[in-house]
Structures are given as structure tokens and as C-alpha cells.
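**Student:** The chain contents come next:
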Amino acid sequence: MPVFGRTSIQGLIAVLVLCAGAPPVQAEDWLPISPEELTMTSEPHAPGAPAILLYRQVDRDDNGPTETIYARIKILTEEGRKFADVEIPFYKGTEYVHSIQARTVHSDGSIVGFNSTIYDKPIIQARAVKLLAKTFTMPDVQVGSIIEYRYKHDFESGYVFNSNWVLSEDLFTKYAKFSLDPYRRYAMSYSWPAGLPPDTAPPKEEHGKIRLETHNVPAFVTEEYMPPENEMKFRVDFIYIADTDAAPEKDPKVFWKKYGKRAYRRVDDFIDKRRAMAEALQQIVAPGDSQEEKLRKIYERAQRLRNTSFERRKSAQEEEREKLKSAGNVEDIWKHGYADGNQIAWLFLALARAAGIPADPVIVSTRDVHFFNVNAMNPNDLNSNVVTVTLDGKELYLDPGTPFVPFGSLPWSETAVPGLRLTKDGGTWINTPPSKSKESRTERKARLQLTSSGTLEGKVTVTYTGQEALWRRLEERNEDDADRKQFLEDQIKSDIPTGADVELSNRPDWDSASQPLVAEYGLKLQGWAARAGQRSLLPVGLFGAQEKRAFQHTVRIHPLYFNFPHQSADSVSIELPAAWQVSSVPKPCNVDRASLVYSASTEGKTGSLLLSRELTVDAMLVLTKYYPTVQDFFQTVRARDEEQVVLLAAKNAAGH
Amino acid sequence: MPVRPVCLAAFSLWLVLVTFGAQPAEAGDAPPWMHAQLNGALPAHDDKTDAVVLYSETTLTVQPNGKIKKLYREAVRILRPDGQARGTIRIYFDPQSRITDLHAWCIPVSGKDYEVKEKDAVESAIIGVDGGELMSDLRTKTLRIPAATPGSVVGYEMEQELRPYVMVDEWGFQDTVPVREAHYTLQLPRGWAYKANWLNHSEEHATEAAAGQWHWSINDVRAIRVEQDMPPWRGIAGSMVVALVPPSGQDPGIQSWHELGAWYLGLTRGRRDASPEIKQKVADLTASIPTTLGKMQALARFVQNDIRYVAIELGIGGHQPHPAAEVFSHRYGDCKDKVTLLSTMLKEIGIESYYVLINTERGSVTAATPPNLAFDHAILAIVLPADLETDALQARITRPKLGKILFFDPTDAFTPLGRLSGALQANFGMLVTAEGGELLELPQLPADTNGIERTAKLTLDDKGTLRGDVHEVRSGDRAAAQRHELRATTQDTDRIKPVEAVMGASFSTFQILKATVGNLRVPDRPFEWNYTLEAESFAKAAGDLLLVRPRVLGSKTSGMLETKEPRQYPVEFAGPERDTDVFEISLPPGYEIEELPPPVNVDDGFASYHSKTEIVGRALRYTRTFEIKELSVPVSKVGQLKDFYRIIAGDERNSAVLKRVPP
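Heads up: the sequence lines are chains A and B, in that order.
Residues in the first sequence are numbered consecutively from 1, following the working numbering.
Residues in the second sequence are numbered consecutively from 1, following the working numbering.
Honestly, I wouldn't trust all of these hints.
Claimed, not checked - For each label pair, taking beta carbons as the anchor points, the in silico distance ranges come out as:
#: 1; chain 1: B; residue 1: D524; chain 2: A; residue 2: N478; range: 17 to 27 Å
#: 2; chain 1: A; residue 1: S326; chain 2: B; residue 2: A44; range: 21 to 31 Å
#: 3; chain 1: A; residue 1: T117; chain 2: B; residue 2: D524; range: 30 to 40 Å
Claimed, not checked - The list that follows gives simulated cross-link-like pairs (lysine-lysine, DSS-like), each with its CA atoms no further than 30 Å apart:
#: 4; chain 1: B; residue 1: K642; chain 2: A; residue 2: K459
#: 5; chain 1: A; residue 1: K253; chain 2: A; residue 2: K424
#: 6; chain 1: B; residue 1: K48; chain 2: A; residue 2: K493
#: 7; chain 1: A; residue 1: K82; chain 2: A; residue 2: K233
#: 8; chain 1: B; residue 1: K48; chain 2: A; residue 2: K92
Honestly, the hints are just simulated from the structure, not real lab data.
All C-beta atoms in this analysis are idealised placements derived from N, C-alpha and C, irrespective of residue type, glycine included.
Generate the whole structure from the sequences, applying the supplied hints.
**Tutor:** Shown next as C-alpha cells:
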């Protein structure tokens, strides 16, 4: 159901201001509909679209604060009729949706007025919040109809909050107009981080109002392996800065310089407990330790602290009863023995400095849900703390505030991102290092026997390192043995193209940051080798299931986004039934597309086979224009994985 | 009511718990009935069991004025992290089942108890359900219990005031986790009686604890572990359905399907009156059509396609349809609204029809189900004129008084008049006629009314590349699903995705050179795909051999039974089905057949599979037929079904071996 101009309450700046009440909606006529709009049956720019937005207008006045919405939708298919159901969310008590008008216009120009009930549908009602939706449906909507509706959305007097114009809607937009009358007492910045649709001029300020018009905005679609959804949408973000010290500047460099100075002071105040840190350090390191040994011990100790950011979410009652103390500085953290992840990073910083190791605070913007835009001048985007240390002349970026991260690494969302390295004079921008594919490996080693009935049976050992181990440990951090066992068994099953019996046979080390995650399994795979008369055919791609499903669709709209570069390496030895012979093996295969590398080889010996396979994905963001190359690469991988070893069964061997 | 001796020990324990439970709890402390659950052995469970229900108790109290109060208590011990979900309770309610009191507690592993109350709950409409109601007064209250971690015992107590449309209560005592003990108490005023029916459980007899009070207890109820393609919950979970019988002279309530149907008929009275606009529309739609069947089809198509599905179900509106004139005027309505309008329109051409209430999960209502409102859908039973040619109208049965009746679902835009979707076939529904209600079984259609027929003419070259044309004809649910998927696409480039999905599962490398769709918007005719493909590396070279998989496209096997745990419940198929494949591959010059895969012939009664690979001239010809004949496979035959799928998987992997011959 379409909801237009919905402002986010995230980033709400609750600033009480004086303002006049909202003016009443002007009783104006509907905008004229052209004959072409009435009779159109498709939109050349959106072939196959179920419906399109012919016109959309969002006028917002933050001095009201109020927003007026107008939407006109053309229904092109039966499926498109669902857009006749409308829900407009609002918070009861602080927001008021009113003056809703709607109508259906048929392709012959006849009009069906809206006089049905508008319901207040409860979305969430709790003690502190009542989120409802004005809900209605339009009458007599047929393929070819135009539906249009408009309403006013008033917000509580005295609240000003960040808003945005999302230009990329679920429907193709033929024409849209936006305006914003910003609240005048606070500074505001605005930006369009994903760019603007082709031929759309940037927002203009006219007489204190910001305006934008756009045409032919494609419908937004989602795809697998795409960057964070919001980053791909055309939108204009508006950010108010209530703190006059952090008011936006014309030059972002000036803004961040000023912000960096204040942020540095805050961090410096937080960590400035030298005596306490010196005492703490004595409990962690030994006098004869090298700088690296000291740093590793401090890291390990900081990481061992109770990290409240990664615990089960607790209820207010539990929190109240537990009475966790907030930390005003690093000494408090050390005394309490707990802190959130960001505070733990600063404790590590203070201890490193106490050990005489050069270290600086860095605030970074993680890339899991958002891509940083320096021009947006939004300090909230710098959402995670990292520490950079210089050890033997080499710079390391560390985050002990995330459990299980190996020393020297960062969690993937903090790799290859911009960060502000804080110093007295405001700091400098840095980019955290990307993780390397060889650091995040999945190694599968199998020793198997092939039975004369075509069954493969034996042991498999899987070793996960780097980010591959980290995400699994984080995901399962609050689970029990039975769940973790099931999780790992499901993991290996998802690597094998056909149904397999697997049984985890070891107790993996789930708690370590420094050791790989190693899982050992018993494996049984019935019917892996297929019979063809006296021959048996054995596919070589035992662990190729993930690649079998990848990138099948011909058309790609968004870039490909991999969380982190990674590698897999498989080594499978297969003992053949007695007297069986290897008739032929597939040729070795090596494909190198720079950031995508694949190699596979099969070695036939007397009574055994050795299958080797390596796959490297050394990319994070792949532009859409390179999608055919990626698709072609994975097709090659699949083709090679489906190659077969031809075995000759002994003449007296049992059939299957 | 008969009074039978009861297990004294169990009853005493229950009495103690109820007595203590009546005492007010100290603020914040869990009540004594919960603390009483801390001791005692847990019911049998394995290491994958997330939690166990230690105790549940339902007390239904009917007051002399007919008002009903329901008290429900439940205590659960959490055993594993996944069991923490038990710390979030979600209660559904509407104006007929108002919540009057709600408390929940946690007895943590250590420390004091926690308590949360109704005011801590979050209320919400049912949202985010695709195809769900636009507006309904069904709500949920969700209450999160603090410290719901492994080892803790969480529980809640809820009171509701019930004003059911049908005087029936249902006690479901089985859960997805083991239940140690479950109790049900019925308190009736003087002169009232009850009738209990048991579903999926042998009958347990009540003890009469006091005048007008009956009590049932069940211990150690095994968990229902969710399995793929298992029967619906109502078809397997143990429950007792209690019909309440007021004293003579009052409304006798609902004791039979007949009475339930009569009640429903009352709700629909006056709803099928044709407005002048409806009459005019019927005339417009049918005037130029000479045959009765043609007129019926035109009206059916109109309601299927031109009446948009929109459900606004407030109060009795959950059961009662809107008037036909309103549905027609708005051009929208839910399933029962569509039935109402179509019934009204059919009447205008002299065709009688009746409501049929049904549950879309086959097995939820069976011949053994006592009368209750366990339905979630409405369809139509159309009385066919005696002189109508009915060969094409397969979804029909014959009733002694009504003659031939045809079942039709006007909400399903993809299944034409004459057919039924698989979910409704062999399902039980309540037919509502002027004489009342009647529970009857809908027909199961022949397997060949649903399936995929693929034929391919392909050429293989000596590099292993396969090229050629595929013709695919889909019928029944297979056609409906494809039409639905294509209709839901938002851009033309996505239309090819269903074919890409089939190809992607069958080829490592492929290109679709051309593809067209036939009969997308003509549900009366089979849906068709025609496409031309090219698949490099389809045949694999091995020395002077070329390995070719005769089963070119598509898969009929399933890995759903490849689980460690033994199957607990029957396997339910969506509907009868018959698929056929005929793939012909012209061999590359210079190659001859060296080995052919063996034929496969399996017929297990409930399903069959036959495949054959042969040489026809210079072509490799693969034919197979896959048929589902019975809709449910009992647990005793699940092993056979597993083998059945394994045999198919083996056949699908098999290769023919071609050998290069010297020129």
C-alpha cells in the first residue's frame, strides 16, 4: 500500500518551539486529467508495471509543522488494483491526518466519488505509543482507472525533526513535485546521497522554500546481493542541527573540523584517568612484555569484559533490577567490569596509551545499513568506535568492542569505511583497511570412501577463519550446543548440492577470537555416483551448492555487494571400491577474472581420487555493468563443478 | 451427564493448585499455582526441545444469563535459548472475546519473581499479511515476560469474556512442546448441559467436582514437532470441542451441522437481493450468450476478475457477507461477498446456488469434526440444470435432493468454472441450504487436471552444447501458480524468471534465446510456455566419451524426508498431479550410444513414476510420467515415499554415455 511523504521519526530532534497552529486545507479542485492519462494502457518507461504514479506532490512546512500529500495513480493491470487500498500511518496524540479526499476516475472520464468509511487501524498501541493508520479503499477500481487521493498530515506543534523526500517509490513516478519550508530557528543541511534521477535538477531554494521537481523515476526493486536498500534509492535527506555548535557549514571540511575538536574533547575527557589506567595495566601485562605482547594482552582483556551491546535484549524491569551503572569514564568501566562495545573500545584506547603505545580514537560509519556521506554533515552517521595504534611503525585498526574479532582485524561492517581520526585540532579522515580474501577462508577437507552402490561416506573437516568465523560466532553467541550443532550441520548441508546425512562430531571452539572455528562431521551421501552400465559417473563439485544458485537472472539493476572478500578451498580424497578403476577425469580448470578466481583439478590414482577446488571472491562492490562478467564466471564454475569422473566398476562388483 | 471415577491423585493436585491459585499473589511475585510447578519431573523430551508446558488450566464458567468467562493459566519451563520465544505471549481477541485481565510472571533461575500486566502489553491489528483483511476487529495483545531465559519458568493468566456466535468452546491441550499436565473445567448453571467431542485423541471422561462443575485432566501430552507438508494443526492436535446446551426454553444453541447451517443461513438472509444495477449487469453480460453454461461462465469471470478482493470484517462481518448490491457497487469484497454476489447474479439467469463454508487447509475439518466455526473461506455450490452438458464441469457431485452440484471458488481468479484448486479437493465443507447445514466432502479431480507437460526437441553438438525448443503446458494449480507469479511481476524483464529458475536448477550454463507465454489471461485454457534454449557444457566430455543427462529439465524429487528424525505425521500433497516429460535429443555426428540408463518403473499406489531412455533413429528420447494419486501418505508408508523420491533423484542424475566412433 502506498504511503507517501511519510517522515521518519528516527533521528527525531525533540525541540520545543513556538509555532502557529496549522492552517486549514484549502478546498481546491482536483488537478485536471489529460485525455492521454485517461486512456493510456501502459507506460513505455515502465514496461509491465502494474500501476504508475502519474503525479505526486509533497508539500511540507516544518513551521506548522504540517505536510500535504497528493497522489494520482494509474492502474494498468489487475495486480495494480491493490494500490487502491491505502494506509496512512500516524501517531495518535501527536499527529493528525485529516481532510482526506479520494476519487476513482474511469478511463471514459466518469468519476466515482469516495464516500466510504475511513478506519483508524491500530498498528501498535502500547503505553507510550499509539501508532494507527488511516485506512480506506477506493471504490470501483478497474484496470485503466485512475485513483487519486490527498490529505493533510499535521504534527504536534513544537516538534521539528529530520525528514526526507524519497523519490524512488514502489511504483514508477511520471511526475512529482516536492517542497519544504524549513523551520527557521535551526540550521539545516540537505543532501541527495544516491544522486538524483536523470534530468532532475538539484533542489532549489526560493523565497526560503526548498523545491524539487522530477520526472520518470523508476520503480524501486530489490535484488539479492545488493547494497543497503536505502543507499540505492533516490532521495533528499534533510537534517536539522539543534546544537548550534554543530550547525552545518557551507564547507563540510569546516563542519567536520569543528565537530572533530568537540568529539576529541569528549573522548579525551572519557579516557583521562591515567592513574587508574596505570594500575589496571599492571594487572594485565608483565614488565618484560614487548609492546606487541602488551597490546595483545590489553586487547584480549578488553574483549573479555562483559559487553552489554551483544547481550540478549532485556526488559525495562530486568534493567531496573540489574541496576547497571553508566560509565562516566574509563575508570568506571574498569571498576564495573562491563560496558557497551563503543565504551570498551575507549577503555582499550586508554590502556594502550597507558602502556606507552601510540593510539588514537577513530569514529567510523559502518556500512551494513548505511553508506557514509561526508557532505550530509550528520555526526550520527559516525556510529562506531575503533582504535588505531602504531606498532613497530605499522598502523593497526582494532575494535575490541566487538566480541570474537581477531587481533588485527575489524568486523566487516567497519572495514573499508571512512572514519574520523580524532585529534586535538579536529582530526583527519581515514579509511579503515579492507579485509583480504585470504583472511576469510572456508576450508573443507574430506576423506571419503565410495561404495559400489554409489554412496560417498566419511569425514569432513571445515575450518572457518577471519570474517567467516566471526559472523558465525556472533550469530550463535547466545545459543546452546544443540542449536550450534544444528546451525553447523545446516551450513555444510547448504554447501552440498543434494541431500546429505551429516553429523557434527566435535565440539567447536565458539568462544575464541584468535582461533579458527573448526567443525568436523561424519558425512553420508547416497547415490552421489550415478551408474551408466559398467561405468559410474562421479560429479567433482561436492561443495558447489552455493555457486549453483548464484546469479541466474539475466537482468541486473543494482550493483552487486558482497559483505567481505572471501575464499573457499576444498580438498576431497575419495577411496574407490576395490578393483574399480579411474577411466577419465575432467581437465584442470583455471579461471582468473582479477577479483574472481576459480581453479579446480582432479587427480586419479590407483584406487583413489583427489578433488581440489578453490574459489576467491576478492570484491565488495561490483558495478552493474560488470554483472555479465560475474554471471559468466559463475556459469563457468557451475559447469566445471558438474564435470564427472568416469569410473570403471569391477566386472564382478555389485550393481546399484 | 455421566459421572465417572477420576484419577484421585491427579484430581487432588489440580484441586490444590486451583485453591492456591485463587489466592491473591504478592505484588510482583508469581502466584502459588506457578510456584507449585517448580518441582516434579519434566515430561519426556529430547535435547532439541525448547521448552515444556508444565501446567495449563482452562476454566470456562457459564453464568445463568448466558455470559461466559474463560480463565486460562499456563506455566512453561524454558529449556533452551530458542525457548525464549515462550517469554512473549500473543493473545488474539475481538469484541466477542474481550480480555478482562492479563498477568504474566517469570520465576527466574535466581532472584525475585517478575510480573507484567495488561497495561504492559502491545496491542496491534493483524498486519503485514499478504491478502489479509484491510480492516478487521481481530487484534492481538503481545506481552513480553522479563528474564525468559533457559531454566526460568514463565507463565500467564488471562481472563476473557466470551460472547460466541456459536455456543461452542474448544480445548486444545497439545502444543509444539511436551505438556506435563493440562486441565479443563466447565462450570455450568443449573439446567445447562454440555456435549463433548474429542478430536485426534481418545475420549477422556470428566469428573463432576461439584454441582454443575466438570473437570478433565490430561498428562504427558507429546509435542507436535513441525514437519514439512504435514497435515494442518487442527487435523492432528488433540482437542476437546464442548458444545454448550442451554436449558429447554432458551435458544438451544448449535448441536449439529444442520443447526450451524441454519444459523448461517439466517446471517445471509436478504443479502442476495438483486439491485436494478445487478440485474442490468447480468443482462449486459449474458444477453448475447446463447448457452446456460456460457452465461454461467461469463458471470463467474466477472466476479472473479472485476470484483477486487478486499476484506473488511468487523463484528459479525467476520461471518456475515455484505449485501450483494453493496459489493457490486463498490466492486470489492471478500470471499463470502464474492459468493453472495455471484449467487445473486446466477439467480437472475435461473440458476440456484448455495454457500459452502470450508477451511483452506485440507484436513482441518473432517467427517469426524463436531460442528463449529472452523472455516476460513467461502465458496459456492451451484445447482446444475438437469439438461446442462456437464463433462467439462468436473468439480461436481450429485446429491439426492439437489441433483448435480458444482463447487466453484469465485475468489480464486485463476481456476475456471468447473475446476477446483487442490486445497479444496477432497476437503470437507458445510453446504448451507434452506434446510440447514450439511457437512460434505468435495470431489477429488483426476490427476490429469493438474500438472506440467514438457516436450523438447533438442540438438546436441560435439562440444556438448544443447540447443532447441521447449513447449510447456500447465494445467490446474500448476497453471494457476504460474499465472499468479507472472501477474505479480512489476516489470517485463521479470517475466522470464520462472523459466530461468527451472533452467538454473537444470543447467550450469544457459541462455534463453526466445520465450513466449500463451493463455496468460485465459484461465479456461492451459497456460503455455514456449522457449528456445542454449546450454553450453550440457554434455561432459570424458576422453572419447560424451556424458549426456537424458532428463534435460525439471525435477520431481524432493529431499524433505531426508531428515534425521523419524517422520511423525503423514505427508500431505497439495493436490492430485500428473506431469509428463518427453525430451528428444539429436546426437552429434560421429557419436554412437555406448550406454543407456535403465528404465524406472515405480508404482506405490499413492504415487507412480515411470521413465525410459531409448534411441529413436539418431536421437536420444527420454520419457517420463510422474503422478500423485492419493493426497495423503500415512506415516506407515513414508519410508516408501522416501525411497520413491530417492529413485527419482537417481533417475534424474543418470547419464547416457556416447562414444566417438572413428569416421
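**Student:** Indicate, hint by hint, whether the structure satisfies it.
**Tutor:** Hint-by-hint comparison with the structure:
no., hint, verdict
1, D524/B - N478/A: 17 to 27 Å, "violated (55 Å)"
2, S326/A - A44/B: 21 to 31 Å, "violated (47 Å)"
3, T117/A - D524/B: 30 to 40 Å, "holds (37 Å)"
4, K642/B - K459/A, "holds (25 Å)"
5, K253/A - K424/A, "holds (16 Å)"
6, K48/B - K493/A, "holds (19 Å)"
7, K82/A - K233/A, "holds (23 Å)"
8, K48/B - K92/A, "violated (44 Å)"
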